[in-house]
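Visitor: Next come the chains, spelled out residue by residue.
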Amino acid sequence: MKHSTVVFLKVLTWLVCLGPVAWLVWGAVTNTLGPDPTATITFTTGLTTLRLLTVILAITPIRRLIPKLGWLIRFRRLLGLFAFFYASLHLMTWVALYAGFDLNAMASDVLKRRFITVGMAAWLLMLPLAATSTNWAIRKLGGKRWNRLHKLVYAAAVCGVIHYWWQVKTGVLTPMTITIVVAVLLLARPVLALAQRRRARPVAA
Amino acid sequence: MLIRKPSSIPSSAITPKDQYVNRRRFLRGALTGAAAAGAAALGAERLAEVLSPRIRAFAGTRLQTVKSPLTTTGEQLASFEDITHYNNFYEFGVQKSDPAQNAGGLPTRPWTVRVEGLVKKPKTFDIEALLKLRPLEDRVYRHRCVEAWSMVIPWVGYSLSEFLKQCDPLSSAKYVQFLSYYDKHVEKWASETTINWPYSEGLRMDEAMNPLTLLTFGLYGEVLPNQDGAPVRIVVPWKYGFKSAKSIVAVRFLDKEPPTTWNDQAPNEYGFYSNVNPSVDHPRWSQKTERRIGLPFWQQRRTTLMFNGYGQEVASLYKGMDLRKNF
Numbered sequence: 001m002k003h004s005t006v007v008f009l010k011v012l013t014w015l016v017c018l019g020p021v022a023w024l025v026w027g028a029v030t031n032t033l034g035p036d037p038t039a040t041i042t043f044t045t046g047l048t049t050l051r052l053l054t055v056i057l058a059i060t061p062i063r064r065l066i067p068k069l070g071w072l073i074r075f076r077r078l079l080g081l082f083a084f085f086y087a088s089l090h091l092m093t094w095v096a097l098y099a100g101f102d103l104n105a106m107a108s109d110v111l112k113r114r115f116i117t118v119g120m121a122a123w124l125l126m127l128p129l130a131a132t133s134t135n136w137a138i139r140k141l142g143g144k145r146w147n148r149l150h151k152l153v154y155a156a157a158v159c160g161v162i163h164y165w166w167q168v169k170t171g172v173l174t175p176m177t178i179t180i181v182v183a184v185l186l187l188a189r190p191v192l193a194l195a196q197r198r199r200a201r202p203v204a205a
Numbered sequence: 001m002l003i004r005k006p007s008s009i010p011s012s013a014i015t016p017k018d019q020y021v022n023r024r025r026f027l028r029g030a031l032t033g034a035a036a037a038g039a040a041a042l043g044a045e046r047l048a049e050v051l052s053p054r055i056r057a058f059a060g061t062r063l064q065t066v067k068s069p070l071t072t073t074g075e076q077l078a079s080f081e082d083i084t085h086y087n088n089f090y091e092f093g094v095q096k097s098d099p100a101q102n103a104g105g106l107p108t109r110p111w112t113v114r115v116e117g118l119v120k121k122p123k124t125f126d127i128e129a130l131l132k133l134r135p136l137e138d139r140v141y142r143h144r145c146v147e148a149w150s151m152v153i154p155w156v157g158y159s160l161s162e163f164l165k166q167c168d169p170l171s172s173a174k175y176v177q178f179l180s181y182y183d184k185h186v187e188k189w190a191s192e193t194t195i196n197w198p199y200s201e202g203l204r205m206d207e208a209m210n211p212l213t214l215l216t217f218g219l220y221g222e223v224l225p226n227q228d229g230a231p232v233r234i235v236v237p238w239k240y241g242f243k244s245a246k247s248i249v250a251v252r253f254l255d256k257e258p259p260t261t262w263n264d265q266a267p268n269e270y271g272f273y274s275n276v277n278p279s280v281d282h283p284r285w286s287q288k289t290e291r292r293i294g295l296p297f298w299q300q301r302r303t304t305l306m307f308n309g310y311g312q313e314v315a316s317l318y319k320g321m322d323l324r325k326n327f
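Chain order of the listed sequences is B and A.
Note that the first sequence covers residues 1 to 205 in the numbering used here.
Note that the second sequence covers residues 1 to 327 in the numbering used here.
Quick caveat, the hints were computed from the structure, so don't treat them as lab data.
Only a predicted model underlies this, so the values are computations on that prediction, with no experimental measurement involved.
Where a beta carbon is used, it is the ideal one built from N, C-alpha and C, also for glycine.
Among the hints, erroneous ones may be present.
[Claimed, not checked] Derived coverage of chain A by chain B (criterion: at least 3 residues anywhere in the stretch with Cβ under 8 Å from a Cβ of chain B; other residues may be distant): (1) 155-167; (2) 192-202; (3) 280-288.
[Said to hold, decoys possible] Listed next, the in silico DSS-like pairs over lysine-lysine satisfying Cα-Cα at most 25 Å (straight line): (4) A/K319 with A/K288; (5) A/K256 with A/K121; (6) A/K132 with A/K184; (7) B/K169 with A/K184; (8) A/K120 with A/K132; (9) A/K174 with B/K169; (10) A/K165 with A/K288; (11) A/K121 with A/K188; (12) A/K184 with A/K121; (13) B/K169 with A/K325; (14) A/K120 with B/K112; (15) A/K288 with A/K256; (16) A/K188 with A/K256; (17) A/K174 with A/K288; (18) A/K165 with B/K112; (19) A/K188 with B/K169.
[Stated by the list, open to error] With beta-carbon atoms standing in for the labels, derived distance ranges: (20) A/L317 with B/M176: 35 to 45 Å; (21) B/G19 with A/T112: 48 to 58 Å; (22) B/D102 with A/K319: 27 to 37 Å.
For reference, chain A alone in the conformation it holds in the complex:
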């Protein structure tokens, strides 16, 4: 059930849809004009792309959804404004407000997801087919960033396991890797960092098959805005946010741990598992508490829960493991 707290989203804070669609239309017009002016300088292929851009405003389209028993109850939802204007999506800039400004060019149609690695036969799934694979569920999850802030987000999607079953992985597949979209022309802000793109994340097979792990297409009952990882992303609610790869274009089955982006950047700070764990500090800050987004500064601080409060569903995955070592 979606309970929108009316006071949390002032209507003035939301850009009306016709306005932002207009802005995109204007941008497209401007691009076309610029292309005409500089046609000589542009290659024919790029010119064709500019004249008939793949950029389309799908965000905001209503999705048909059903209720889910796996939804989290009793939490106040973050506002749509905050969920869509406070993002870590470094391909579109390193400031939290950058992705909302810069992700408009992410071409979310046509979109396919490659399935490769240890599978019976590599396949490619079209986004439209993925949307129809299973009924889309409303799933409210707590979202805990490794930077010690948190939100409660009403996602839309279905269990990733439903999709993975369609991929026919071999029994030798022990891990699954997710690769995000990367095009340095579209995501020119990616060079603000020294990260080796594309963004890569991964899960152990049993983590990926856990019903809580969500293949996500929307939030607040609507198609995902680009800055939140459109058109399809992973959400793993008991792990730090960076484990939930955005805008995925490939799913790869492997027999060993895949390389993952933040673990490559700083292995001492971001482990492969990265389960939310208040008793294992990040080297640079404590993980005992977190700041809830959207509250006044004197109300933000709250206690962080083991596995982000999803211990009942996932603790058994790590039985016998030293979670200090496997952080």
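If we strip away everything but chain B, and leave its shape as in the complex, we get:
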């Protein structure tokens, strides 16, 4: 792919990824975040994190199915860092607007409320991934170990989806769509690997 095309697509990715936070800042300034701005901020940052995680999880299966789209891998780090950025904003919403920076309130939330425990776990799982996103870290760790470490993104996505289910009221099915998408993307991995092994196996004479 031409260098200029990559630059263009990267700029586009930045703009799209900054969209939700720009919308929130604009809404906060003009007081147009709806009747419950705190809830709007929490929901928007959380949902954007999950959406970015699904986009990231889609890259490998798409590359397997359509080898021509191999260049998609060049966007994964950027998307991953944006996912971590939104997860951190989401976490800060809780720290500032729900717990009011009260350490006791935060500790009791994490210990007592399983949706917060699992949400916290998701963020903690993403933290080492963001920290080792530099080329230097990849070299230092070695490709194999780095790859193994970054499999944590599966656990983070699963924790994120569970966090969503445990947060909504019993009987509310809103998280269903994203759950199905994440499940399909995770299952696509063993399925595609199996299909590839079948193809590779020599046909018995």
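Given chain B, put chain A in place with the hints provided.
Guide: For chain A alone, coordinates are given in the frame of chain B:
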């Protein structure tokens, strides 16, 4: 006294009445057209209903009201826009903005309320009779949702006790149950949840007879918009919002606790009593504080009051009860 803060409701945010009435007229026209086109596919009964719809725009009609000593003072009212566009009314969708969009089809006339169970004689009250039973009062109440947000709402209605006295309950009646309207054709969004409809709520008899418990017909001096529980609902200001059943069609007197919708869904999260209580957390969040609707995010957080600030009027109802156990 109604003190509308002019700045809280930008005129641009409110749809002029002639516009939304027009929209309903347009929808009705569209329905009629569609019915004509697809007449063959429709049963005669449904066709008749579509051609002469029961949907009428009553919301917005001015109500004649009197002052009430039971009104809450010293609070800034939520805007009409927020009260009517931030609703939990799951029969019309689970998002807060859904009911305002979807509740237009709720047929609020004709409307009757059945009275049944442990009464001398079952009766049916027409909505027009209910409206005339007692003078309608302006009653400002704090409204605290179990989800930890709150509003201050100027309701219109009279004490539920005035109505219950007309029902002639037997002395064996210890509880009263309220059933909401349910029609899966009108409320097709209800299937977005696994809830067992119709919505059911209930109160102990002494709670229902407390003068604060309001049989509610309007807000801001006007007939209730559909999404707020038209044409008649219950408001229990010292309990979490879900205890205040909307669009009620039946009142049932019982000798034991009735099954109630959210308690059935998750008994560990929503107790039968569900009094506003900052010292009893919801399993998934603290109830110590709440977010006031309609303020910028850095001003929303405030302390939640025991019994939502109505302790003086209702604390005696729970004397000797362990409110941690009976949450």
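Visitor: Taking each numbered hint in turn, which are not upheld by the structure, reported in ascending numerical order?
Guide: 1, 6, 9, 10, 11, 12, 14, 15, 16, 17 and 18
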